[in-house]
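From first to last, the protein sequence lines are chains A and B. With this note's numbering applied, the first sequence covers 1 to 149. With this note's numbering applied, the second sequence covers 1001 to 1107.
It is worth saying that the hints were derived from the structure and are not from the lab. Worth double-checking, as some hints may not be accurate.
[Said to hold, decoys possible] Pair by pair, the computed Cβ-Cβ distance ranges are:
#, chain 1, residue 1, chain 2, residue 2, range
1, A, Pro-74, B, Lys-1010, 26 to 36 Å
2, A, Thr-143, B, Lys-1027, 20 to 30 Å
3, B, Lys-1041, A, Thr-47, 32 to 42 Å
[Said to hold, decoys possible] Only pairs whose alpha carbons sit at most 20 Å apart, straight line, appear in this in silico SDA-like list of lysine to any residue:
#, chain 1, residue 1, chain 2, residue 2
4, B, Lys-1021, A, Pro-103
5, B, Lys-1079, A, Gly-145
6, B, Lys-1027, A, Lys-137
Backbone N, C-alpha and C fix where the C-beta goes; we use that ideal spot for every residue, glycine too.
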Amino acid sequence: MNLNKRELMTLGLGTVAALTLPALPAFAEGDKTAERIKTFTGGKEPTAGKVSLSTPEIAENGNTVPVSVTVDSPMSEESYVQSVLILADGNPEPGIATFNFSPMSGEAAATTRIRLAKTQNVVAVAKMNDGSFFMDKKLVKVTIGGCGG
Amino acid sequence: MARPRVKVPKKASKGEVITIKTLISHKMESGQRKDRKTGEKIPRNIINKFTAKFNGKEVFSVDIEPAVSANPYLQFSVKVSESGEFEFIWVDDDKKTYATKKKITVE
Chain A
1 MNLNKRELMT LGLGTVAALT LPALPAFAEG DKTAERIKTF TGGKEPTAGK VSLSTPEIAE
61 NGNTVPVSVT VDSPMSEESY VQSVLILADG NPEPGIATFN FSPMSGEAAA TTRIRLAKTQ
121 NVVAVAKMND GSFFMDKKLV KVTIGGCGG
Chain B
1001 MARPRVKVPK KASKGEVITI KTLISHKMES GQRKDRKTGE KIPRNIINKF TAKFNGKEVF
1061 SVDIEPAVSA NPYLQFSVKV SESGEFEFIW VDDDKKTYAT KKKITVE
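Please construct the entire structure, taking both the sequences and the accompanying hints into account.
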């Protein structure tokens, strides 16, 4: 590849822009996480709010960390939460689970127990039936990682 | 292995939002672990889907990935407006299905 000085400059600038821009949503090593969110939202940027994740601040055992999520919604036929995607941005694979709700859920709330390999962010993205998306993120400090083998 | 345990209130009032707790014993082999002797990866076998139905209609489900802990625990809510029967179904990577049913009286 032959590049003159001007082309090199533009290339350089482009690379700098490409490196700094995606860093803004604060997923340092979370490319896979960002990808999963993108797939889930169809490219829409989720808004902060409505979703509330509840996780321990410090998890001594990463093999079983309780995680609860609730979404503020009337859960009526007209307005309800369709699903909530739970991710962890520091695991070998970010995916954890997707909760699929219905108006018969009464409230959009679910709890499970998850594996966390190390200290990292747990992310919840909620999909409303009107096509909007909301997100919450919580840092969990893990003492003993839970992917051992 | 894999005997499901479910807690559903026996009675509820019409329109009440009840909490359901489920637990099933399953090792949830993540596919990330290596056999200590051979060094080969142990093949993944997890429960990948949970479904809760009420009177035959799906009310809640979960798509599960390997990062859910062994013996997966799930807690969720359902609004009940009539008496009936819940059915809970777990399916794992080997296509094994585990199911249990619970009745509720709504007054």
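Taken at face value, is the distance from the CA of Pro-103 (chain A) to the CA of Lys-1021 (chain B) at most 20 Å?
19 Å, holds
Pair hint Lys-1079 (chain B) and Gly-145 (chain A), alpha-carbon separation not exceeding 20 Å
37 Å, violated
Please work out if Lys-1027 (chain B) and Lys-137 (chain A) have their alpha carbons no farther apart than 20 Å.
It is violated: about 28 Å lies between the C-alpha atoms, which goes past 20 Å.
Return holds or violated for the Cβ distance of Lys-1041 (chain B) and Thr-47 (chain A) against the range 32 to 42 Å.
Distance hint for Lys-1041 (chain B), Thr-47 (chain A) holds at roughly 39 Å.
Can the suggested window of 26 to 36 Å be confirmed for the beta-carbon pair Pro-74 (chain A) and Lys-1010 (chain B)?
28 Å, holds
Given the hint of 20 to 30 Å, check if Thr-143 (chain A) and Lys-1027 (chain B) actually sit that far apart at their C-beta atoms.
Distance hint for Thr-143 (chain A), Lys-1027 (chain B) holds at roughly 23 Å.
When held up to the earlier numbered hints, the structure conflicts with 5, 6 and fits the remainder.
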